[in-house]
Amino acid sequence: MLAKRIIPCLDIKNGKVVKGVNFVGLKDVGDPIDLAKEYDLQCADEVVFLDITATYEERDIIRDLIERGASELSIPLAVGGGIRTIDDFRTILLSGADKVSVNSAAIKNPQLIKEAADEFGVQCVVVAIDAKQREDKSGYDVYIAGGRENTGLDLIEWVTQCEQLGAGEILLTSMDKDGTRDGFDIDMLNAVIECVSIPVIASGGCGGIEDIIDVFKKTDCDAALAASLFHFGEATISDVKEECMKHGIPVRRNK
Amino acid sequence: MIVVIDYNVGNLKSVENAFKRIGLETVVSRDHEVIRQATGIILPGVGSFPTAMKKLKQYQLIDILTERKEAGIPIMGICLGMQILFERGFEVEETKGLGFLKGDVSLMEVDAKIPHMGWNELLFKQEHPLLKNIKEKDYVYFVHSFMASPSEDELVAYCEYGNKKVTALVAKDNVMGCQFHPEKSGEIGQKILLAFKEMITC
Chain R
0 MLAKRIIPCL DIKNGKVVKG VNFVGLKDVG DPIDLAKEYD LQCADEVVFL
50 DITATYEERD IIRDLIERGA SELSIPLAVG GGIRTIDDFR TILLSGADKV
100 SVNSAAIKNP QLIKEAADEF GVQCVVVAID AKQREDKSGY DVYIAGGREN
150 TGLDLIEWVT QCEQLGAGEI LLTSMDKDGT RDGFDIDMLN AVIECVSIPV
200 IASGGCGGIE DIIDVFKKTD CDAALAASLF HFGEATISDV KEECMKHGIP
250 VRRNK
Chain X
0 MIVVIDYNVG NLKSVENAFK RIGLETVVSR DHEVIRQATG IILPGVGSFP
50 TAMKKLKQYQ LIDILTERKE AGIPIMGICL GMQILFERGF EVEETKGLGF
100 LKGDVSLMEV DAKIPHMGWN ELLFKQEHPL LKNIKEKDYV YFVHSFMASP
150 SEDELVAYCE YGNKKVTALV AKDNVMGCQF HPEKSGEIGQ KILLAFKEMI
200 TC
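From first to last, the protein sequence lines are chains R and X.
Just so it is clear: in the first sequence, position 136 is 135 by numbering that gives the first Met the number 0, and no numbers are missing.
Just so it is clear: in the second sequence, position 113 is 112 by numbering that gives the first Met the number 0, and no numbers are missing.
Below, in silico cross-link-like pairs of lysine-lysine (BS3-like), each with a Cα-Cα straight-line distance of 30 Å or less: (1) R:K12 to R:K36; (2) X:K163 to R:K113; (3) R:K245 to X:K190; (4) X:K190 to X:K134; (5) R:K131 to R:K113; (6) X:K134 to R:K216; (7) X:K136 to R:K245; (8) X:K12 to R:K15; (9) X:K54 to R:K113; (10) X:K19 to R:K15; (11) X:K19 to R:K36.
Residues from chain R that keep clear of chain X, each with C-beta distances beyond 12 Å, as calculated: (12) N13; (13) R83; (14) T179; (15) F231.
These aren't lab readings, by the way, just hints derived from the structure by calculation.
We put the CB at the ideal spot given by N, CA and C, even for glycine.
Using the sequences and the hints given, assemble the complete structure.
In structure tokens:
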């Protein structure tokens, strides 16, 4: 049976992990590669590097990180943040990433999804979507620019279009839940999962192991993404997987 | 010496890196003379079936691969590299494959999400040296939408996905193929690559 995936996400700026990290036994807690390797050992199913570097010039740093990450990790590496063109896809994939996640640029130019899928295969095209419930609760709007700008685009219309264009996976972040640590946005996830047949990664709101159990029990999402839960050392990925097993949720536990 | 065939499809670095992690340097090449010296060949591949076959033709690799296969050199295809070992593919358009293994490759007809993406358990159909370091139900990493339908005697391992048995590992004599990515499958993947390495040195 296909396992549910647990994915730690590392926000990276200027080559360093920016969200607080509190790991026992790591020399440089800010080093994304050390941290990612630790997650690999804990049986993470995939690692996401989210590059929040502000300027274009600093892109060499992330490229170097991807190269190191790809050579040292034995699991898939997805990279997102600031992807604008098909050349950005190429650069990141050639540096050794397995997947590229694209957000704002796909909304400005949806054909980018198709071009990337045609050229590199659907397996590496992840469309990241930040969405928020409308005030009248009639649905969800898609936001860009790190959640600052409402595109006015309806979430369901957008995910459907992403799938048609060739997205291989959706990384769905709930802006209502992100940072709250009070659980994933079950309603929004179910609304999306009902409409697409590609894998969906749940993101935003994870505050504890029970939230991960909850999202797998109440939705058919394929993966749960979390950052602070793991970075702060509150729970290891192995802890999460052990709890999943107790609840009959299939997870990979080779190590 | 293991040669990773470079025919300009996708990222070969991950295969190279994975062998490095088990202490083995590989040579990435499309040079016939280099390929002729290989004691083991890896055929990687990401993209589509027709593109992969077109590139193999473009670099005149079909004959040399066939020659090495006939010479008994262990050849392992990975993902799309496995799929093109078969006779025919139906991705985009009907395309002739290398034909080292019997069967076709077509879109998965399954009552589950496509692509089949993530970690799935290997179930063993028959014994094989590639499986000697791992256990049944160990997890490996898959990403694909098309699947091979091999003949029964060439199917080594499969996984269950939706209502389907999905071909995971195939082999006939010195020709082997993994639908999953051993180079991305953590410790289990490394153990499979190690088993391939051991087939070569002995």
